[in-house]
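Protein chains in written order, with my numbering: chain A, 1 to 240; chain B, 1 to 420.
Derived from the structure by calculation, the hints contain no laboratory data. Among the hints, a few may not be true.
What the hints assert, rightly or not - No farther apart than 35 Å at their CA atoms in a straight line, the calculated lysine-lysine pairs in the DSBU-like style are these:
(1) A:Lys-32 x B:Lys-388
(2) A:Lys-153 x B:Lys-407
(3) A:Lys-207 x A:Lys-32
(4) A:Lys-236 x A:Lys-153
(5) B:Lys-388 x B:Lys-410
(6) B:Lys-18 x A:Lys-153
(7) A:Lys-45 x B:Lys-410
(8) B:Lys-407 x A:Lys-32
(9) A:Lys-45 x A:Lys-20
(10) B:Lys-407 x A:Lys-20
(11) A:Lys-153 x B:Lys-410
(12) A:Lys-20 x B:Lys-410
(13) B:Lys-18 x B:Lys-407
Said to hold, decoys possible - Residues of chain A placed beyond 10 Å of chain B at every Cβ, according to the derived structure:
(14) Asp-235
(15) Lys-236
(16) Asp-237
All C-beta atoms in this analysis are idealised placements derived from N, C-alpha and C, irrespective of residue type, glycine included.
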Amino acid sequence: MVNEPKPDEVNSNSTALTVKNLSKIYDSAAGKVVALDNINFAVKKGEFVSIVGPSGSGKSTLLNMIGALDRPTSGNVYINDVDIFSLNDSDIATMRNNLIGFIFQSFNLINRTTVLKNVKLPGTISGMSASEANERAMRILEALGIADKATQKPVNLSGGQQQRVAIARSLVNNPAIVLADEPTGNLDTKTGEDVFDMLKTLSHKFKRTIIMVTHNPELAESTDRSILIRDGRIDKDVIN
Amino acid sequence: MNPSDIFSLAYDALVDRKVRTILTVLMVVLGASLVVVINGLSAGQSAFLQKQLSSLASNVIYASSGQRSYYGGESSQASLIVNDVIANKIRTLPYVTDVVPQYSGSVTIDSYGNVQHVSVVGMDPTKLTVMLPNLVFVDGSTLAPNDRSAAVVGDTIANPPGSTTPFVIVGQTLKITYSYSDSTGKQQQEVRNFLVTAIMKPSGNTRIDNALVINSDAANQLLRKSGRYDSLVIQTTDDTYVNTVQQEITGIYGKNIGITIPQAFLQVRQQTAQGNAMFVEMIGFIALVVGAVGIVTTLYNSVTERIREIGTMKAIGAQNSSILALFLVEAALIGVMGATLGLAIGVVGGYAMTSFPSHTAGGPGGFGPGGGSISSFPPIFLPEDLIKVWLLSVSLAVGAGIFPAWKASKLSPMVALRRE
Ligand SMILES: Nc1ncnc2c1ncn2[C@@H]1O[C@H](COP(=O)(O)OP(=O)(O)OP(=O)(O)O)[C@@H](O)[C@H]1O
Ligand SMILES: [Mg+2]
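Same shape as in the complex, but just chain A (with noise of 0.2 Å):
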């Protein structure tokens, strides 16, 4: 089912994100991609919800929009409400920094320095002082079940581990939405299942916003909703 948001929806106190006639054509050598298409949606707090599509259909391009790490050719995005695009880039850093968490395929962690202070990056970014950005970092690492690994280096931990600490460091703004780009995709089959078990707990217990792109049909339809793109466009939005 296709779900158009309708006008009160915008400004629901229920709606952690809207999404509204965003399309993003890049223009490169080859030619203008259409990469997005007119995309409209909206995401309920608290709602877990997978993007799934053919490789090169738009998923990440989508995320990258929702995430304000580009801009888009045309459209809105609204995050608690906050048209984000209205925003000059520093404003969007900020609001980047305060109201979305990322968690990528690849961890990106910085290998040189501790997992505590991975976690703590976007506690420090925002100015946060240093004992209560060391507080939160190890109250979630905790949660997460790798308190002992703070003092470690990330590359000495397994993937799993690792995205358990890009998890962490997601969190640790306490952010609306947590957007996740195939967070499982650089592990093997059973640590990705804990991985996911794990955004599943955050989303169910937790009650985060959070909105994870996958390849795995199995892990997508055990969010709360799919939602399908294929050629930029939403194919299906299905409650799971």
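Following the hints, put chain B with the ligands in place on chain A, whose structure we already have.
Then chain B with the ligands, alone, in the frame of chain A:
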């Protein structure tokens, strides 16, 4: 982001690339220490020459046989035999108030078994003040111009640097040995005893402080000069006549006599020294610039390598300005470490280079304005010079960081998501 957090991240990044950081710091050290050493040595040399200049009478000309002449750069090989005939002739020239003939040579002196190799000058000791108007002697000294066995000793000989006991005291006997080869080429020695009747106080002139003055006739005999003087000290009415008298003398003897005007000599030396210092300082500055280019390279590589890290930091909300600051602080840290270390090494190196005094034994030129290599002058490190070099090094380092830092700050957060 708090400044302390930026500092800590920058520091971590530098420590992570230890070897590269150290090499980059070394480039800055090289430049900074080079500039510091040059500054210190040339300031030291300049002060030294200034002191020599101020200790010498300004109304005096030195004429010599067989010495290079020096009146503002021109030099020639003189071949005239300077004897009493010439001395008396010059004495009659207008504006000449006195002519003091000198013999000079190198001898070994022995005081109770302690030996020194020094330059000796044979002249009327009462005429020392013609050259050095401010010269004074230690208490108990007497000048005995006609005493053929009296010796006047320079301060450095009497009180060797680094020694707690004097080498000689007034009233003591000195054994003087002159070594030479005779007409058949055989090594000969002439040994004579002298009585130290006077010791000079530090004169400000290194040559004189390192010399022994004996009676003119005694020197003629001991040094086997046969009445051929090595130099004449020509005193003029006042310093405005120095050039006139010099022209008169050259008018008579042409290039067969070597003329040295101390003021001009020292000025030329001063200029040459400044020119040399400027040249070497240029090299130091170039080394600093090379160091700065090293910083550009290092940081630029660092930006390229850390592209995902920078992208990630921006994705999780770091401001462009924070990224800019991060890399500028890295550059500044390299600059501060390099400049500080460079200053320390430069100062220590400057003293180390001058701690081996090169002894300048007097040649046939006798007294007169002396030479000595650059390394024999104690360096002078002015705090304002050091601060200038430090600031210059750090500014160059930060300046070198601007381009890589700007590049990093402009990186798109999208790169964080790009797959390897
Ligand atoms: N920076 C870019 N410049 C030009 N074209 C781009 C750019 N990024 C993506 N595209 C194009 O946009 C389309 C969507 O790309 P996107 O990365 O969003 O796909 P995806 O669904 O994430 O694919 P995958 O499952 O392989 O990750 C593709 O055709 C891609 O080539
Ligand atoms: Mg993708």
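Numbers of the earlier hints that this structure fails to satisfy, in rising order:
Failing hints, ascending: 1, 3 and 4.
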